[in-house]
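There are 2 protein chains.
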Amino acid sequence: MTKRTRSKTTRAATTLAKDSHERQLDQQRLRRVVVENVHPQVDGGRFPIKRVAGETLTVSADIHADGHDLLAAVVLYRRTGATEWREVPMTPIGNDRWQGTFPVEAIGRYDYTVEGWIDRFASWRYELSKKAGAGQDVASELLEGSALIRELQELHATAAGIVQESGALLGDTAAAADVRTEAALSDALQREMPGYPDRRHATRFEPVLQVVVERERARFGAWYEMFPRSAGTDPSRSATFNEAALRLPYVRSMGFDVLYLPPIHPIGRSFRKGPNNTLTPGPGDPGSPWAIGSEEGGHTAVEPGLGTIEDFDRFVAAAQDHGLEIALDIAFQASPDHPYVREHPEWFRHRPDGTIKYAENPPKKYQDIYPINFDSLAWQELWRELKQIFEFWIGHGVKIFRVDNPHTKPYRFWEWAIGEITQQHPDTIFLSEAFTRPKVMRYLAKSGFSQSYSYFTWRTTKAELTEYFTELTQTDVREYMRPNLFANTPDILHAYLQDGGRAAFQARLVLAATLGASYG
Amino acid sequence: MTKRTRSKTTRAATTLAKDSHERQLDQQRLRRVVVENVHPQVDGGRFPIKRVAGETLTVSADIHADGHDLLAAVVLYRRTGATEWREVPMTPIGNDRWQGTFPVEAIGRYDYTVEGWIDRFASWRYELSKKAGAGQDVASELLEGSALIRELQELHATAAGIVQESGALLGDTAAAADVRTEAALSDALQREMPGYPDRRHATRFEPVLQVVVERERARFGAWYEMFPRSAGTDPSRSATFNEAALRLPYVRSMGFDVLYLPPIHPIGRSFRKGPNNTLTPGPGDPGSPWAIGSEEGGHTAVEPGLGTIEDFDRFVAAAQDHGLEIALDIAFQASPDHPYVREHPEWFRHRPDGTIKYAENPPKKYQDIYPINFDSLAWQELWRELKQIFEFWIGHGVKIFRVDNPHTKPYRFWEWAIGEITQQHPDTIFLSEAFTRPKVMRYLAKSGFSQSYSYFTWRTTKAELTEYFTELTQTDVREYMRPNLFANTPDILHAYLQDGGRAAFQARLVLAATLGASYG
Chain S
1 MTKRTRSKTT RAATTLAKDS HERQLDQQRL RRVVVENVHP QVDGGRFPIK RVAGETLTVS
61 ADIHADGHDL LAAVVLYRRT GATEWREVPM TPIGNDRWQG TFPVEAIGRY DYTVEGWIDR
121 FASWRYELSK KAGAGQDVAS ELLEGSALIR ELQELHATAA GIVQESGALL GDTAAAADVR
181 TEAALSDALQ REMPGYPDRR HATRFEPVLQ VVVERERARF GAWYEMFPRS AGTDPSRSAT
241 FNEAALRLPY VRSMGFDVLY LPPIHPIGRS FRKGPNNTLT PGPGDPGSPW AIGSEEGGHT
301 AVEPGLGTIE DFDRFVAAAQ DHGLEIALDI AFQASPDHPY VREHPEWFRH RPDGTIKYAE
361 NPPKKYQDIY PINFDSLAWQ ELWRELKQIF EFWIGHGVKI FRVDNPHTKP YRFWEWAIGE
421 ITQQHPDTIF LSEAFTRPKV MRYLAKSGFS QSYSYFTWRT TKAELTEYFT ELTQTDVREY
481 MRPNLFANTP DILHAYLQDG GRAAFQARLV LAATLGASYG
Chain G
1 MTKRTRSKTT RAATTLAKDS HERQLDQQRL RRVVVENVHP QVDGGRFPIK RVAGETLTVS
61 ADIHADGHDL LAAVVLYRRT GATEWREVPM TPIGNDRWQG TFPVEAIGRY DYTVEGWIDR
121 FASWRYELSK KAGAGQDVAS ELLEGSALIR ELQELHATAA GIVQESGALL GDTAAAADVR
181 TEAALSDALQ REMPGYPDRR HATRFEPVLQ VVVERERARF GAWYEMFPRS AGTDPSRSAT
241 FNEAALRLPY VRSMGFDVLY LPPIHPIGRS FRKGPNNTLT PGPGDPGSPW AIGSEEGGHT
301 AVEPGLGTIE DFDRFVAAAQ DHGLEIALDI AFQASPDHPY VREHPEWFRH RPDGTIKYAE
361 NPPKKYQDIY PINFDSLAWQ ELWRELKQIF EFWIGHGVKI FRVDNPHTKP YRFWEWAIGE
421 ITQQHPDTIF LSEAFTRPKV MRYLAKSGFS QSYSYFTWRT TKAELTEYFT ELTQTDVREY
481 MRPNLFANTP DILHAYLQDG GRAAFQARLV LAATLGASYG
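From first to last, the protein sequence lines are chains S and G.
Mapping of the first sequence onto my numbering: residues 1 to 520, in sequence order.
Mapping of the second sequence onto my numbering: residues 1 to 520, in sequence order.
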């Protein structure tokens with residue numbers, strides 16, 4: 001087979017097979033710049049990263065191309081929903097890594113990505129400078145430069161004086177070579193030419209990435225947990241909102257920002273729990289606030305013992321006057337007396353005999369609580385109802401929610417509900433009570449929670465704390481999960497605290513307040 | 001706003017707005033299992049990983065769901081192009097990480113992915129065993145189990161005897177409870193039920209990932225570089241293939257597997273280089289073999305001084321007889337006398353005065369070499385021609401190619417050419433001569449090269465070697481880039497070797513042969 005024969009075959013093949021693969025290749029081949037390993041991102045852009053308003057976002061990427069051309073790159077960004085991109089230049093920081101920084105000023109979502117291209121002028125200028133520096137003849141290079149500058153100028157349909165003049169001078173063979181070379185390499189032209197890029201074959205990183213920008217309290221704050229019924233002055237009976245309000249100056253005086261209330265809703269009577277999880281409450285025993293719902297109402301009602309919804313509104317306002325925000329506990333479960341049980345039995349799981357299943361963690365039984373069946377055939381109505389619970393309390397001035405046991409509800413529900421709510425109310429903050437497996441905790445954070453309880457409570461030795469906070473602060477986890485460090489909770493009291501007395505609480509408080517930006 | 005009012009609003013909204021977002025959610029919400037962080041993969045599946053035939057591929061993933069259900073998962077795999085998937089079970093290895101292993105037996109490409117689902121039977125059985133173990137009444141659970149087993153049996157439209165019997169027995173309230181419980185928890189049923197999964201809402205990881213399976217020589221081999229014209233017995237003249245063949249037993253006796261030949265094509269006469277890069281060759285100076293092409297032909301011709309194409313064929317066969325494979329150097333560049341220059345001037349870059357540009361690395365000039373313009377308007381014809389050069393030599397028994405300076409040609413070209421060639425000839429092996437920036441070297445490996453020259457040549461201290469081989473063998477780089485460790489090359493001789501004498505060469509040989517699976 002001779003060379004000539006093969007050439008003929010090639011030509012025939014080219015004419016015949018201009019297939020779709022080749023068309024695709026034709027579109028891609030001129031995009032010679034590779035943009036890869038863009039950071040930060042979560043799961044290839046499946047989830048947004050998180051920032052708070054007023055911060056900056058530094059985006060870095062590996063950017064390179066075949067050959068020796070010089071490159072240029074920008075970070076593109078915009079408010080999600082906007083059509084126009086803004087951009088900031090990226091600079092190389094070594095080993096083909098580039099970075100650029102933009103400010104995230106407003107709460108809401110931003111899109112961002114990276115675009116890189118061959119810097120034709122800079123590449124040409126660099127080669128010219130090396131040849132001219134070595135004293136080589138650059139007559140041909142000057143003509144090429146003239147043509148290049150004119151082409152870039154035409155691309156932009158306008159040009160500064162120096163660009164026009166240089167384009168003409170470089171092509172003027174009647175002028176002296178050294179004058180033309182000097183003009184070609186002038187600082188003035190070098191400063192101007194980045195404004196005339198050829199980005200027709202730029203490579204834009206896909207997919208577009210997103211950052212959720214929240215208000216500062218999503219990242220930073222001191223939380224105080226208060227059972228309002230225990231915040232009175234008479235230990236023989238439950239206190240009211242009005243009485244608990246008297247404690248607000250005390251809480252604020254300790255420097256707290258957020259006052260977190262466990263469920264404040266009517267408590268069921270059926271299978272009401274007495275002290276220490278017994279099923280034999282005395283007549284005055286109030287029951288667990290997490291057994292939500294009675295004849296008096298469900299998740300949008302207030303326990304009559306605490307007061308009325310108007311009392312609650314006044315409590316929220318009083319807290320605000322003292323510089324405290326109220327965080328409400330949202331626990332999606334119902335006591336057997338909850339209105340949902342009667343009105344929507346289809347939202348619960350049933351036994352073969354038709355009765356509704358209560359919560360269990362075998363062999364433990366929680367007869368006072370019915371879990372909600374998120375897979376119910378009537379799931380749309382159920383999910384919307386649950387979302388509206390948040391919206392109801394947002395309507396009453398609550399913008400922070402501590403979500404109870406989110407890991408026993410579908411991830412998709414949270415992603416949907418938090419997404420919908422924050423679209424309408426981007427200043428809403430969600431804290432995930434997920435003391436569960438690390439990857440589940442992280443996935444809930446990815447799905448939209450602003451903050452997560454962490455394993456801080458169980459990390460007590462120096463080695464444990466070092467390892468855990470290295471993970472939280474030095475790995476990509478930091479891009480989407482913000483720990484809220486609780487020293488203890490009503491149902492978690494580490495042996496260190498049980499045995500360590502006041503000094504142990506003090507040590508844990510200082511650790512909590514200094515290892516993270518949010519603590520409780 | 002009362003609870004009742006809100007419920008009515010909700011119903012109306014549900015009826016009205018069954019929008020596309022909600023339909024999408026409906027499809028997703030039952031896929032409660034998350035499959036993420038699948039390993040190995042390169043850039044989210046953009047590029048295949050690499051293995052050699054006969055190896056196994058262990059795939060791991062984070063697999064979890066909300067709640068406490070037990071899960072099951074498999075690795076799905078198939079030859080690329082096949083429609084049916086095969087599968088191997090995955091097992092949990094702790095902290096919600098799962099893994100499974102499948103064999104890659106044949107060269108070519110395989111698809112693989114991971115699928116996980118709720119194991120309904122195992123979840124039910126686990127709860128039953130805990131309740132029964134605690135002595136609780138399980139009458140209701142047995143009825144649920146009966147219904148579940150029957151449902152799973154119907155899903156599969158067939159069932160083994162024990163499954164049918166257990167389904168019936170568990171639902172038979174006339175039978176003794178302890179007999180039914182024992183049947184429900186029996187090992188026999190537990191062994192059988194994984195054959196009856198409910199995978200209707202299984203989560204399959206996307207995108208499908210790929211592994212390129214090559215023959216063993218892609219991973220493992222000892223390379224010997226020989227200039228055939230220098231492999232004769234008479235130092236006063238260039239040797240021929242027939243003479244060089246006499247050296248084959250010697251090369252093989254040293255344990256080499258691959259005999260690598262620098263370009264064997266006719267060498268251009270224009271601007272032929274003399275010794276030490278001078279432009280004044282003597283009449284007998286052969287010129288650089290990388291100045292490819294003369295009146296006698298180009299990349300598919302043999303330098304007449306070495307012999308004919310038939311001589312080459314005999315040389316390849318002789319090498320094969322001695323257990324040696326020939327690797328050819330492919331350098332896509334042309335001497336000014338190459339037939340391409342005359343036949344396809346459009347494949348080269350031109351100066352404003354119409355002359356063709358020679359290669360330069362300012363201030364160095366390579367007047368004997370014209371680089372090829374891959375961005376030529378006639379790129380389709382050019383790319384096909386270049387691909388056919390490989391195919392020509394494959395037709396002459398060569399299956400290993402050492403590609404010269406691949407980083408000065410478009411990445412897309414390599415991805416396309418190697419992809420097309422290995423589809424037809426999956427036993428072809430490509431070695432990338434990219435001593436360039438690390439990310440460029442890696443991107444060429446991702447784009448399809450079987451092996452890459454590495455920075456081994458420049459890593460001489462213990463710390464340098466430890467750091468570099470940790471990167472090559474302990475990071476994800478190992479999934480797609482295989483180093484071929486050359487102690488030196490015709491144009492790279494590290495100061496360590498220049499100054500170290502024979503002992504230095506011995507030390508580097510031992511390091512090269514033991515730090516990697518391929519060396520030269």
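Hint data in this document are derived by calculation from the structure and do not stem from the laboratory.
Hints may contain errors.
The list cannot tell twin chains apart, which means a pair is met if one copy fits it or any two copies do.
[To be verified] Computed list of lysine-lysine pairs in BS3-like fashion (alpha-carbon distance at most 30 Å, straight line): (1) Lys365 with Lys130; (2) Lys462 with Lys387; (3) Lys364 with Lys399; (4) Lys462 with Lys439; (5) Lys131 with Lys399; (6) Lys131 with Lys387; (7) Lys131 with Lys462; (8) Lys399 with Lys365; (9) Lys130 with Lys357; (10) Lys462 with Lys357; (11) Lys399 with Lys462; (12) Lys130 with Lys387; (13) Lys462 with Lys130; (14) Lys364 with Lys462; (15) Lys365 with Lys462.
Evaluation of the provided hints:
| no. | hint | result |
| --- | --- | --- |
| 1 | Lys365 with Lys130 | between (81 Å within a copy, 12 Å between copies) |
| 2 | Lys462 with Lys387 | neither (41 Å within a copy, 61 Å between copies) |
| 3 | Lys364 with Lys399 | neither (34 Å within a copy, 67 Å between copies) |
| 4 | Lys462 with Lys439 | within (23 Å within a copy, 38 Å between copies) |
| 5 | Lys131 with Lys399 | neither (65 Å within a copy, 41 Å between copies) |
| 6 | Lys131 with Lys387 | neither (68 Å within a copy, 34 Å between copies) |
| 7 | Lys131 with Lys462 | neither (60 Å within a copy, 40 Å between copies) |
| 8 | Lys399 with Lys365 | neither (33 Å within a copy, 69 Å between copies) |
| 9 | Lys130 with Lys357 | between (81 Å within a copy, 17 Å between copies) |
| 10 | Lys462 with Lys357 | neither (44 Å within a copy, 66 Å between copies) |
| 11 | Lys399 with Lys462 | neither (36 Å within a copy, 58 Å between copies) |
| 12 | Lys130 with Lys387 | neither (65 Å within a copy, 34 Å between copies) |
| 13 | Lys462 with Lys130 | neither (57 Å within a copy, 37 Å between copies) |
| 14 | Lys364 with Lys462 | neither (35 Å within a copy, 59 Å between copies) |
| 15 | Lys365 with Lys462 | neither (37 Å within a copy, 62 Å between copies) |
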